[in-house]
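*Asks:* Each chain, letter by letter, is given below.
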Amino acid sequence: MARTEKIVPFLFVLPSIILVGIFVYGAIGWNFIISLTAWDGLKPNYDFVGLDNYVRLFRDEIFINALKNNIVLILFLILGVTLVGLILAILLDQNVKGENCFRTVYLFPMAITFVVTATIWVWMYNPTSGVFNSILDALHLGSLKSGWITDPDIALYCIILALIWQFSGYTMVVFLAGIRSVPVETVEAAKVDGAGPLQSYSKIIIPQLTPSILSIFTVMMIYALKAFDFIWVAGKGGPGGSTEILAILMYKTAFLDSHFAYSAAIATILFLMAIAIVLPYLWITRKKI
Amino acid sequence: MDKKTKLTAILATGVVIFVAFSGCIGGEKEEKAELQIVHWWTAGGEKEAINALFSMYRDKYPNIGINEEPISGGAGADMKAVMKTQIFAGNPPSTFQVHIGYELKPYYDGDALEDITWLWEQEGWGDNFPADLQEMAQFDDEYYAVPVGIHRGNLVWYNMEIFKEHNLKLPTTFDELLSVCESLKNEGITPLAVGTLNKWPGAHLFEVILMSVGADFYSDFISGKVNINDPRFDEALNRYADLFEYINSNHAALTWDQACGEVLSGDAAMTLMGDWAKGYFDTRGWRYGVNYSIFEFPETRGVFDVICDSFCLPKNAPSRDAAIKWLQLIGSIKGQNKFNPIKGSIPPRIDAPTDEYDDLAKATIADFRVCTLVPSIAHGSATPESFVTKFNDYMDNYITYGDKTAVKSGIQKAIENELLPYM
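Protein sequences appear in the order of chains S and H. Per numbering that gives the first Met the number 0, the very first residue in the first sequence carries number 0; after that it's consecutive. Per numbering that gives the first Met the number 0, the very first residue in the second sequence carries number 0; after that it's consecutive.
No lab work stands behind these hints: they were computed from the structure. Just so you know, even glycine gets a beta-carbon here, dropped at the ideal spot from N, CA and C. Be aware that a few hints might be false.
Under 10 Å between C-beta atoms, here's a sample of chain H residues computed to sit facing chain S [said to hold, decoys possible]:
| hint | residue |
| --- | --- |
| 1 | Y60 |
| 2 | G64 |
| 3 | Y106 |
| 4 | G201 |
| 5 | D266 |
| 6 | E384 |
| 7 | T399 |
Sample of chain S residues at the chain H side, in silico, Cβ under 7 Å [claimed, not checked]:
| hint | residue |
| --- | --- |
| 8 | Q93 |
| 9 | P126 |
| 10 | G234 |
Taking lysine-lysine and the DSS-like style, the derived pairs with C-alpha atoms no more than 25 Å apart in a straight line are [stated by the list, open to error]:
| hint | chain 1 | residue 1 | chain 2 | residue 2 |
| --- | --- | --- | --- | --- |
| 11 | H | K337 | H | K361 |
| 12 | S | K144 | H | K324 |
| 13 | H | K314 | S | K42 |
| 14 | H | K46 | H | K403 |
| 15 | S | K202 | S | K190 |
| 16 | H | K412 | H | K46 |
| 17 | H | K324 | H | K337 |
| 18 | H | K407 | S | K67 |
| 19 | H | K59 | H | K333 |
| 20 | S | K67 | H | K412 |
| 21 | H | K412 | H | K59 |
| 22 | H | K31 | H | K314 |
| 23 | H | K83 | S | K225 |
| 24 | H | K46 | H | K361 |
| 25 | H | K333 | H | K83 |
| 26 | H | K168 | H | K184 |
| 27 | S | K67 | H | K403 |
| 28 | H | K31 | H | K412 |
| 29 | H | K83 | S | K42 |
Let the hints inform the model, and build the full structure from the sequences given.
*Replies:* As structure tokens, this is what we get:
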């Protein structure tokens, strides 16, 4: 009987263990092995070349450019979605009439696929017929008109802005849940002690949102690392490589150029960056349990 | 039955159902030949063209089913990725679409294609296709693809009303083109519309400029024989830079068809594009010779920038016989003359009657039969794919930043790393 008790649960999880083992961990391991070979072209070539592909990567200005763009994307996207999400959550926390409606409206962009939103934002950013420059024209602010995504100096920031729009609804929901889980008693006690709304949020509520912030950081950093669809549709990393990030470079290197080992090395770097983000999160949350 | 035994029974039943449904046991497959075909023709015009071929195929071979897998995405950019993964997985379709030339090479190098020289000999195609084109379908003197349609890349499409209104003469030299552009600019009209959102149209424009410097020079360039400091390469870059003054400022936000839209709306006077642009104008009610017309990009008269669609036969293709029948159909006059008039392309066969084609296609067919045929870089025929990606990227950099030194060193590196080792 005791033996069955041990075996049955194991049997239940066995299919997932096998599938995850093969398709996730097996693939990661296989990818790393490929990155150490000379595989170039459609015919596999497993000649071992050690870390050559990695050495080449860090001498490749295109890779360095993509890495820099990726870091900018991570920093500004996280900063943006955290701030906008938090502000929206605080505003919604003021017992607004029709809160549910607002919540749905803010969350709605998350329900649209990136291919659609990227296409729409590219239209809006169009310097001649796009809505941004048209509005600026209508407001007689023609001097503020810009090339938006066609201007390599600001194209990446334009994409980050669009992504903030798409993600801030999600971060708002996470923050709102966090705010609502702060015990009412502590907030009430602070009020009794004379704390105004600003102090309540800055001294009592926001400091208790660490788990929300942490999970948003992790989710958004991982998204920013593997962001592909939006940027691919919004200009395939252009103009002039100004929005090219690692995932785009990896895809192009593998599936357009057929440099599979080199692309596997980019994938490994991406994986290590994701691990560097996830491990501390897992460590911090585990400690709490 | 206790709870644990019940759970075990449920689990076991679940596994059996899963296995049965996944077709591992008990599935009796009916053996019916089915042509599995992958292509990227999903837009208006091209979809109708491939469908016409399918219905011809069905009429001829009613016992063979067709299982098509269209993967949209301009010039097959997305289809190529899917194709590579399918071939890796040992699961190729019966046949798939590919541009002849270097776009075939990764599959040839990967030992994924069947030599179909016997089919060419059996059908006697050696006498029916231009020699230059046959060369593009060959590796080591063996044939690996069958061309179905030809597009021409070095054409400038212009708004006839604008040209008439401003009394402009069609330019035949590059300097004349610049002076036409200058006149248009002075009138507040964008002279040349380009849509570089997907990068390749910018590279396409530059490859035509390279041809304008000399067809021989272009051939040397794609063979990796050109030194990047060659004055002719400088000349090509300077010509491109001269045109920067006259192209639409929103080029990075537009696709090629939206650039055609600028010509249609009268915001721009000209655009350089392959002759698939015809489909764009025609479907919007414009007529060739009335609303729009074409001229060869200045100084490329006598040169035909070839973009050739073809199909190939993967090794271990399922329903190989069905695929061979497909290749026979698309290589035949009947097949090509069914497909091309609808698609807006021309037949690769030089013995195909031209009665069914419109005036523009007739003119293109006439040129095709006398011009020097050169393969396109931007469309994958002239150089290895990895070079094409870099070429597209560096040309996008050039049109964005205008930094000649950077583009020269980039192209030099691409020639060394992506062109010469893979020739």
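*Asks:* Now, for every hint given, state plainly whether the structure supports it.
*Replies:* Comparing the hints with the structure gives:
Because the smallest distance between the Cβ of Y60 (chain H) and any Cβ of chain S comes to about 30 Å, over 10 Å, the interface hint for this residue is violated. Residue-level restraint check for G64 (chain H) is violated (minimum Cβ-Cβ distance to chain S is 28 Å; threshold 10 Å). Interface restraint check: Y106 (chain H) against chain S, minimum CB-CB distance 6 Å, threshold 10 Å, status holds. The restraint placing G201 (chain H) at the interface with chain S holds, with a minimum CB-CB distance near 9 Å, inside the 10 Å limit.
The closest approach between the C-beta of D266 (chain H) and any C-beta of chain S is roughly 8 Å, which is under the 10 Å cut-off, so the hint is satisfied. At its closest, the beta carbon of E384 (chain H) sits 6 Å from a beta carbon of chain S; the interface hint therefore holds under the 10 Å criterion. With a cut of 10 Å, the hint placing T399 (chain H) at the interface with chain S holds, because the nearest CB-to-CB distance is about 3 Å. Checking Q93 (chain S) against chain H by beta carbon gives a least distance of about 39 Å; that is not within 7 Å, so the hint is violated.
The criterion of a C-beta within 7 Å of any C-beta in chain H is met by P126 (chain S), whose closest approach is roughly 4 Å, and the hint holds. Interface hint status for G234 (chain S): upheld, as the beta-carbon distance to the closest one in chain H is roughly 6 Å, under 7 Å. At roughly 15 Å between alpha-carbon atoms, K337 (chain H) and K361 (chain H) fall within 25 Å of each other, so this suggested pair holds. Between K144 (chain S) and K324 (chain H) the alpha-carbon distance is near 58 Å, which puts this suggested pair outside the 25 Å criterion.
For the given pair, K314 (chain H) sits about 13 Å from K42 (chain S) by alpha-carbon distance, which is consistent with the 25 Å threshold. In summary, the hint linking K46 (chain H) to K403 (chain H) is not supported, as the alpha carbons are separated by about 41 Å, beyond the 25 Å threshold. As the CA atoms of K202 (chain S) and K190 (chain S) are separated by approximately 12 Å, the hinted pair is consistent with the 25 Å bound. Between the alpha carbons of K412 (chain H) and K46 (chain H) the distance comes to roughly 39 Å, so the proposed pair goes past 25 Å and is violated.
Proposed proximity of K324 (chain H) and K337 (chain H) is supported: the alpha carbons are some 16 Å apart, at most 25 Å. Simply put, K407 (chain H) and K67 (chain S) have alpha-carbon atoms about 23 Å apart, close enough for the 25 Å limit, and the pair holds. For the hint linking K59 (chain H) to K333 (chain H), the alpha-carbon distance of about 12 Å falls within 25 Å, and the restraint holds. Distance restraint check for K67 (chain S) and K412 (chain H): the Cα-Cα separation of roughly 22 Å lies within the 25 Å cut-off, and the hinted pair is therefore satisfied.
A distance of roughly 51 Å separates the Cα atoms of K412 (chain H) and K59 (chain H); the hinted pair therefore is violated under the 25 Å criterion. Simply put, K31 (chain H) and K314 (chain H) have alpha-carbon atoms about 20 Å apart, close enough for the 25 Å limit, and the pair holds. Between K83 (chain H) and K225 (chain S), the direct Cα distance comes to roughly 21 Å. Compliance with the 25 Å bound is thereby established for this hinted pair. The straight-line distance between the Cα atoms of K46 (chain H) and K361 (chain H) is roughly 22 Å, inside the 25 Å bound, and the hint therefore holds.
For the hint pairing K333 (chain H) with K83 (chain H), the CA-to-CA distance comes to about 31 Å; that exceeds 25 Å, so the pair is violated. A distance of roughly 15 Å separates the Cα atoms of K168 (chain H) and K184 (chain H); the hinted pair therefore holds under the 25 Å criterion. The suggested pairing of K67 (chain S) with K403 (chain H) holds, with an alpha-carbon distance near 23 Å, which does not exceed 25 Å. The suggested pairing of K31 (chain H) with K412 (chain H) is violated, with an alpha-carbon distance near 51 Å, which exceeds 25 Å.
Among the hinted pairs, K83 (chain H) with K42 (chain S) is consistent with the structure: their alpha-carbon atoms are about 11 Å apart, no more than 25 Å.
Hints 1, 2, 8, 12, 14, 16, 21, 25 and 28 from the list above are not met by this structure, while the remaining hints are.
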